[in-house]
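Colleague: Residues per chain, in single letters:
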Amino acid sequence: MSASTIDQIQRRFEGDTVPLPGKRVRQVLSIVLFFVLWAALVRFGILGFDKFVGPETTLVALVESLAGAPMTEGGETLYEHAAFSAYRVVVAVLIAMGIAIPLGLTIGTSRRWEDALFPALEVFRPVPPVAWVPIALLLMPTFRSGVIFVVFIGAFFPILVNTIEGVKTVEEEYVQAAASLGAESRDIFRHVIIPATLPSIITGVSLGVGLAWITVVAAEMIAGGVGIGYIIFQAYRLLQTEVVAVGMIAIGVLGYASAAAVHRTGHYLTRWEETE
Amino acid sequence: MSKHDSTTDDSTTAGPTPETTGKTGAIDINDLTKIYDPEGEHVVAVQDMDLSVGAEEFVALLGPSGCGKSTVLECIAGYLDPTDGEVLVDGNRVSKPDPKRGVVFQENRLFPWKTIKENVEFGPRMHDSIEEGRAESILDEMGLDGFEEAYPSGLSGGMQQRAELARLLANDPDIMLMDEPFSALDALTKEIMQKKLLEVWERDNRTVLFITHDVEEAILLADRVVVMTARPGQVKDVIDVDIERPRDPEVVTTDRFTELRERALSVIREEAERALEQEDGA
Ligand SMILES: Nc1ncnc2c1ncn2[C@@H]1O[C@H](COP(=O)(O)OP(=O)(O)O)[C@@H](O)[C@H]1O
Ligand SMILES: [Mg+2]
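Going down the list, the protein sequences come from chains A and B.
Take the first sequence: its letter number 78 is residue 78 in the working numbering, and every next letter is one higher.
Take the second sequence: its letter number 198 is residue 198 in the working numbering, and every next letter is one higher.
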């Protein structure tokens with residue numbers, strides 16, 4: 001019902017009244033506008049932007065990087081750095097899902113486990129993932145696993161919290177209906193609790209992936225050795241501001257692509273939710 | 001509770017048991033009291049209610065809204081624990097839900113994440129008794145062929161309710177507990193559903209406890225109409241519907257039907273007025 005109201009409002013605003021350019025044209029326009037603004041900021045030195053590069057130089061650097069030129073002083077290309085960051089995000093998110101989802105389902109369904117585990121987890125939750133970097137460096141055998149650990153922490157809590165919340169809001173009616181059809185508690189867990197919680201889990205995963213990208217960049221700046229975060233910071237130290245900008249664009253693209261992938265997968269898994 | 005200490009499930013002799021009748025699905029409600037929130041607001045929903053529903057009998061439970069009908073049904077279903085008294089089914093005390101007691105509510109409780117066919121096969125699957133083609137034939141009977149692979153959200157309200165009935169029938173319960181199952185449907189769909197239900201019941205002979213606040217629906221469907229008092233709910237009157245079966249929705253035009261309806265209405269009117277006075281007093 002509310003969806004149709006929103007539709008109506010949108011229609012009113014986007015209007016059959018005022019003819020607007022097509023969707024594609026507007027998207028292109030928005031990007032062009034962004035570049036114009038960026039160029040203006042640099043050109044007129046607004047907010048100290050004259051110390052940064054403009055879009056033209058960045059574009060040249062971007063094309064070079066995309067062509068496979070090694071970045072900063074190391075030998076790795078943009079693709080290799082991106083692959084490292086993406087690898088860390090994917091592995092960390094998968095581990096976080098593997099632990100947080102079962103844990104959340106357990107805590108959500110069992111009062112006893114909730115009392116045993118949740119208070120301790122609540123204490124750690126407000127600690128920003130990056131604050132775990134020193135511990136990670138001390139405990140983990142390599143830089144690489146250290147970064148993964150920190151990214152894991154970043155992705156873990158949103159998935160856990162949303163899974164627990166999802167279990168707690170499963171409607172009692174479905175549990176009763178299943179019981180009246182002969183389901184035992186194991187069947188109820190499998191056929192009711194898990195699917196009913198799935199939309200919340202997906203919300204948690206998409207938040208987790210977003211946080212994983214933020215965390216991976218921050219962790220790589222401190223301790224990556226390789227990766228987009230590392231390259232951004234390295235370039236900053238070498239005053240190669242166009243490389244900083246290329247790194248930022250790369251993160252934006254990767255983050256966008258992974259969010260879209262999660263969204264699509266989630267949409268497919270909960271296709272039963274569609275109302276139309 | 002203490003008064004039941006001396007009787008065990010097996011020795012309870014209050015009602016008919018399968019041994020004495022050869023039929024299953026008898027319900028005995030003894031002294032049922034349900035109080036919500038006993039420490040706080042203390043809502044007495046049902047008080048000292050007694051009612052027996054024979055095996056394979058069709059009983060309609062009629063009463064003003066808020067009088068405790070759903071509470072009674074949920075006690076029989078095993079969703080609620082009585083505050084006092086007990087519900088026996090075939091002589092055994094109800095303590096939890098059981099596939100022998102199927103339930104349908106006004107708002108459907110189909111699993112939204114399962115297709116219609118998966119929903120219908122859910123019960124049989126729980127006891128490993130899926131028969132190839134059975135879900136299809138039940139869905140077919142309910143006029144839902146072609147919707148096996150659809151999700152509940154893709155169906156209209158009437159179709160969802162039919163699918164819910166199909167899910168119930170596929171599980172072959174002794175007792176069907178139905179809480180205003182058709183009240184959200186439009187008049188035409190409702191009539192079709194009533195006809196379907198009569199057809200199915202006259203063929204399979206299950207016990208049905210059918211809650212409604214629609215007098216005509218109660219008389220059309222039931223062997224007996226039990227009218228409840230306003231809250232706290234109790235049995236106010238029982239009307240035997242001596243209209244022969246098979247019935248179809250046309251019986252509403254007969255004189256006997258009109259008589260029974262007037263009688264039920266006068267009882268209900270009395271109760272509704274009493275309920276209003278209660279509210280004014282409060
Ligand atoms: N969970 C609950 N907590 C407190 N009061 C309740 C609860 N459920 C029902 N009631 C109250 O108990 C009374 C009987 O409710 P119900 O059995 O649903 O009536 P009916 O189905 O006849 O409309 C109503 O006054 C209702 O407000
Ligand atoms: Mg009710």
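The hints are simulated quantities; they were obtained by calculation from the structure and are not laboratory data.
Please read these numbers as outputs of a predicted model, since none were measured by experiment.
No residue lacks a Cβ here, since even glycine has one placed at the ideal position from N, Cα and C.
Hints are supplied without guarantee of correctness; some may be wrong.
[Unchecked claim] DEER-style ranges, computed between Cβ atoms:
| # | chain 1 | residue 1 | chain 2 | residue 2 | range |
| --- | --- | --- | --- | --- | --- |
| 1 | B | ASP81 | A | ASP115 | 53 to 61 Å |
| 2 | B | GLY154 | A | ALA69 | 48 to 56 Å |
| 3 | A | LEU138 | B | GLU149 | 26 to 34 Å |
| 4 | B | GLU149 | A | LEU117 | 38 to 46 Å |
| 5 | B | VAL44 | A | ALA259 | 39 to 47 Å |
| 6 | A | PHE124 | B | ALA272 | 52 to 60 Å |
| 7 | B | PRO249 | A | GLU173 | 42 to 50 Å |
| 8 | A | LEU94 | B | GLU41 | 45 to 53 Å |
| 9 | A | ALA39 | B | GLU149 | 51 to 59 Å |
| 10 | B | GLU41 | A | LEU117 | 52 to 60 Å |
Colleague: Hints first: check each against the structure and report whether it holds.
Modeller: Hint-by-hint comparison with the structure:
| no. | hint | result |
| --- | --- | --- |
| 1 | ASP81(B) with ASP115(A): 53 to 61 Å | violated, 24 Å |
| 2 | GLY154(B) with ALA69(A): 48 to 56 Å | holds, 53 Å |
| 3 | LEU138(A) with GLU149(B): 26 to 34 Å | violated, 55 Å |
| 4 | GLU149(B) with LEU117(A): 38 to 46 Å | holds, 40 Å |
| 5 | VAL44(B) with ALA259(A): 39 to 47 Å | violated, 54 Å |
| 6 | PHE124(A) with ALA272(B): 52 to 60 Å | holds, 59 Å |
| 7 | PRO249(B) with GLU173(A): 42 to 50 Å | violated, 30 Å |
| 8 | LEU94(A) with GLU41(B): 45 to 53 Å | holds, 49 Å |
| 9 | ALA39(A) with GLU149(B): 51 to 59 Å | holds, 54 Å |
| 10 | GLU41(B) with LEU117(A): 52 to 60 Å | violated, 34 Å |
Comparing the model with each earlier hint shows violations of hints 1, 3, 5, 7, 10; every other hint is respected.
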